[in-house]
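Listed below are the residues making up each chain.
2 protein chains.
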Amino acid sequence: FRSWQNPRAKEYRRIYDIPDAIGTAVNVQAMVFGNTGDRSGTGVGFTRNPATGANEFYGEFLINAQGEDVVAGIRTPQPIGELEQVMPRAYAELRAITKRLEQHYRDVQDFEFTIEDEKLYMLQTRNGKRTGHAAVVIATDLVEEGVIEPEDAVRMVDPDALTQLLAPVFDPDAWAALPAVTRGLPASPGAACGEVVFNADEAVRWAGQGRDVLLVRKETVPDDIHGMHVAQGVLTATGGMTSHAAVVGRQMGKPSVVGAGELHVSESERVVTVNGQRFEQGDYVSFDGLSGEVKIGRVATRPSEILQVLAGQLSQRRSDIYGRFSRLLKWADKVRRLGIRANADQPDQAATAYAFGARGIGLCRTEHMFFGEDRIPIVQRMILAETEAERRAALDELLPLQREDFYGVFKAMRGQPVTIRLIDPPLHEFLPKREELMVEIARAEAQGRTDGLEQKRALLRRVEQLHEFNPMMGHRGVRLAISYPEIAEMQARAILEAACRLAREGSKVVPEIMIPLVGHVGEFRDQKAVIDRVAAETLSTAGLKVKYLVGTMIEIPRSVLVADAIAADADFFSFGTNDLTQMAFGFSRDDIGKFLKDYQDRGILTRDPFESIDTDGVGALVRIGAEKGRDARPKLKLGVCGEHGGDPASIDFFEDVGLDYVSASPFRVPTARLAAAQAALARR
Amino acid sequence: FRSWQNPRAKEYRRIYDIPDAIGTAVNVQAMVFGNTGDRSGTGVGFTRNPATGANEFYGEFLINAQGEDVVAGIRTPQPIGELEQVMPRAYAELRAITKRLEQHYRDVQDFEFTIEDEKLYMLQTRNGKRTGHAAVVIATDLVEEGVIEPEDAVRMVDPDALTQLLAPVFDPDAWAALPAVTRGLPASPGAACGEVVFNADEAVRWAGQGRDVLLVRKETVPDDIHGMHVAQGVLTATGGMTSHAAVVGRQMGKPSVVGAGELHVSESERVVTVNGQRFEQGDYVSFDGLSGEVKIGRVATRPSEILQVLAGQLSQRRSDIYGRFSRLLKWADKVRRLGIRANADQPDQAATAYAFGARGIGLCRTEHMFFGEDRIPIVQRMILAETEAERRAALDELLPLQREDFYGVFKAMRGQPVTIRLIDPPLHEFLPKREELMVEIARAEAQGRTDGLEQKRALLRRVEQLHEFNPMMGHRGVRLAISYPEIAEMQARAILEAACRLAREGSKVVPEIMIPLVGHVGEFRDQKAVIDRVAAETLSTAGLKVKYLVGTMIEIPRSVLVADAIAADADFFSFGTNDLTQMAFGFSRDDIGKFLKDYQDRGILTRDPFESIDTDGVGALVRIGAEKGRDARPKLKLGVCGEHGGDPASIDFFEDVGLDYVSASPFRVPTARLAAAQAALARR
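Protein sequence lines correspond, in order, to chains A and B. So this note's numbering is basically just the index in the first sequence, starting at one, shifted up by 323. So this note's numbering is basically just the index in the second sequence, starting at one, shifted up by 323.
A couple of the hints might just be wrong.
[Stated by the list, open to error] Reference listing, derived: stretches of chain A covered by chain B, where coverage requires no fewer than 3 residues with Cβ under 8 Å from a Cβ of chain B:
#1 347-357
#2 752-761
#3 838-846
#4 879-891
#5 921-928
#6 933-947
Hints are computed from structural coordinates only; laboratory data are not their basis. Where is the CB? At the ideal position from N, CA and C, for every residue including glycine.
Between the sequences and the hints, there should be enough to build the whole structure, so can you do that?
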């Protein structure tokens, strides 16, 4: 049982969210031997290709060997097809048994066998791990073959794995232009490009600095898991398709090429020689996990096949995988109850989200529109204004820009609901950093330079005024709009004017205006009054009737406790589970990294609560808020935005609470569609 | 009705927590005239002295005048005693009526009257506002006179007003050494000393910079209220004992001298001439609100009479006010249900708290012990340690110092319970400030200085590692102890060893060890295991049995939601309502000043939620936590620490929730005793 407690087992459990407490079991059985001579052997295999999903018998074996020899990657095994020549009877029996196993379990089988003196023994079978690509291919094939129903296919595919199908691929021309330096086994598909590192700790360190790294090893061992986790890809010199690097790479959806035997890896000198060339730590290397080709240098990547189809760069008919992907998600849409929206701030993001199947925007962050190069000077002028009149003058310049943004987003969503959140971050985020200004001024003073010094000092004074000790709990969200109602006025006007323009063009649009960070019903009422007044003015000027909703984020614990009072006036709630997690735990999202690992090591938390919702705490708040809100207003529209909207475990919880929709980042929309379907099926 | 909406009425309501929504009423009645000639007049008065509480007829009148003339302070009125000579019949009738009014209302009356052609008309009577000193004197006198019962006395005194009796007084020798430059009317007692300012806005600005200011005015007007609120005292050249400055000064418990007619105040030139001397804005002036004496210069203050008695510097018998204060609080103790503890970190604070009547410590913040000059270098060494061994070496040095602290606090509390909170703040609080280091290094680099530069850079690197974006939600409290269990071990050992020493000396002590910032039951269990292990080792080494409790702060919203799970293992809960308010509202205590006034102006919040508990939100969390906790463990001890423990309105709420005790800062303990009694009486 000791293997349950070793560090690599713990790391594995951490990555895959397996609780430490469940324990492990041990079976005791008679031993068979594959190493009694040339009439014996051992092997492993899959009933279908776990990398591509192709319906082909797949695996490896070694004559006169035990199982450990295959997996360890020390001897290079033979492809399983060659077993037919060597031991035809055993091979035929193996094929018959594994086919029956697949039919029985209605899924791809990952099996191990040993042949002792030509007698076949099955050691193990289980549902095979597979890449995201393979998962979609296998599920759609099994439906076609009549083995399973479409709903089984929906149940079978891990929603998280769909993101692998959206990962970038190499630009074919750039890729073709570079000669391959060697070729290994294509263990896990995908385009990988990064700076070479030779051990897992280095990989973690470099990745932490925001660098793309490739982990290059003679062979990987379970201790490398944390390095593989952060790497763009894994490249090894030894090992087969079922070696550690290959198995783990596929599971993680991490591009991997293994057994590239021409690589001479000197991990101590941090250099690789290969066919007369060499590369060192820090050099760029690229490889293709589907072909196994390895190239020295950096190759531009391009969107995955699915994205190319969505962008109209590739026809649907020419992409097999797009057809399967699309079919699977249509099956999912038939069974799910939850609506799926996207978090998108710009028209192009909205268009992508729509193409991925989002039917509505759950969160359009207006302040992201402020960060454009042409806009930030206006925003800064607004912040530095000494009077309301100056501030209004700057806001007047922002108005047409925001109106254009909203028009574009509405249009991209083709009449689906769009929730626009009014300004959220504290104003100092739009100004230079306080400590950088302090350092600049100190340096200029020390050097006796006076050019621009007074302006910098004046800027610093304003930055100091705006400085906050805990900006996450500072002057932001609705608090800003209460101090400066003219900001909310401008935004409400821009939204309504954009809606009027669309109405005039004959398009349908119902803007949902969302007030962020409400904790007190008085805040909501105050701002709703501002919005309603501006809307009445705008619509009367335009001579139009446009329906709009006013609602709020529920992201402050206090708002949950008074949700009934807020719901009396609000048309909708959107649970902002990022902030709600911050406030409920008292964990700053930006600082949790300082202790999260200690919490996981000591078994206090299994998953990062910002990745997957903490059902006992934050989830309890969502449930209370939803119940109180619906008690006060039975038709209250309830959704969730924030990262949890794209996390399958969280989506399952939101299904349980009975929310109307989840909103995820565009690339997580397919995952959310599938996860919502699984959540609905689980409750049938 | 318009007067209800004018800015000064709004400001008044804000200061006294009167909701804007309640509105005002208007009576219509026949007019009488005090300005028909010398047989007419008008006046105001109190049945007892509202400044000192002395049982004497007190007031002023003006012949041939209307009420407004007395209050406005333009004509200087005559003392009410002189009315006896001018209009003996009306005076006798007035005395008889006001005595009856006091008997009827069983409280001091503040009345207004007009005499029209020698006929007395009573215009108004109401319970009189009074200073804290007067409130205690009047209440105890009324009991002695048999007018009211002790419980009525307890009901009658505003608990907040007791703090006035604890305010410092001048050092008599220093005061005597300085000549008085003039003398005014002693409108509100207390020693005031500060830098002179001439208008309310200036007062607010200077006070905001942490300066002590005296507001000096020809006369005050209601627009000055915000300046009076922040000033150490108010000094005016005109006006009587019932002028605006006098009335408001007494209500606020703010030392005030009014009608100091020798002052020639030039508010535009910001200078005062008085008897050939002068002082300007920014000069120090001192005055005594009980004698009316004004002096130019700064006079050292000393503890109030009550503090002098408690410190043994003055005998109980020689202090009338101490006797009354003490009697009133004993009556309060008889009726209250809530226990009263204090927040005290050092033995001397604990002794003061005990003297004020605290019976236990609800919060002993151990990290305050780390900030001592002899300790901070050791603490820094602990933080900068690169290995656990180095860290343990520094902790070993801290152990005897902490043990000594705890021993002193236990001893000062004479066997009453002492709750010790383990380390709470993030470690960077013990290191130099990041931006200051950055500026120092930039300056040294720009000037080409290299001395000590490398050390500073190394220090900055560590400070950068510890830097947090939102330290209030960062690596602090139990999170620190989970990363560095050796800190909690040292603290637990110091607590238990101190307790053992007392046990050996024959003293009783039951330490209550409190784990801060728990949000997850796993955190509590992890640390309780550490404490129990250390306790077992320490007690076995000592060969003693000492009882101790392990409990937690409930200050993180999530902990409320899982309070039942935590209570299964915890001996007590202490609601940390400061942090709970921060997290429930998402308001940083350090940053709320940026928008609180806007919230009050717009009627969203009436009181600062850090001063008085927000019953709908934070209070709801306290109630849920208490209920869940007691469901799981009926005998769970429940208390509250944090500022709300000394706020009367909050104490009333905690009585309602049924907590066992409140813990207040030592100087708020008398207020808490009285408020707890009133809360109990209100529920009879």
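These are the hints, each one checked on the structure:
Proximity of the stretch 347-357 of chain A to chain B, defined as three or more residues with a beta carbon under 8 Å from a beta carbon of that chain, is not established by the 0 residues found. For the stretch 752-761 of chain A, the stated coverage by chain B holds: 3 residues have a C-beta nearer than 8 Å to a C-beta of that chain, and at least 3 were required. Residue count for the stretch 838-846 of chain A with a Cβ under 8 Å from a Cβ of chain B: 5. That meets the three needed, and the coverage hint holds. Interface restraint, the stretch 879-891 of chain A with chain B: holds (5 residues with C-beta to C-beta distance below 8 Å; minimum three).
Against chain B, the stretch 921-928 of chain A contributes 6 residues with a C-beta closer than 8 Å to a partner C-beta. That satisfies the three-residue criterion, and the hint holds. Proximity of the stretch 933-947 of chain A to chain B, defined as three or more residues with a beta carbon under 8 Å from a beta carbon of that chain, is established by the 6 residues found.
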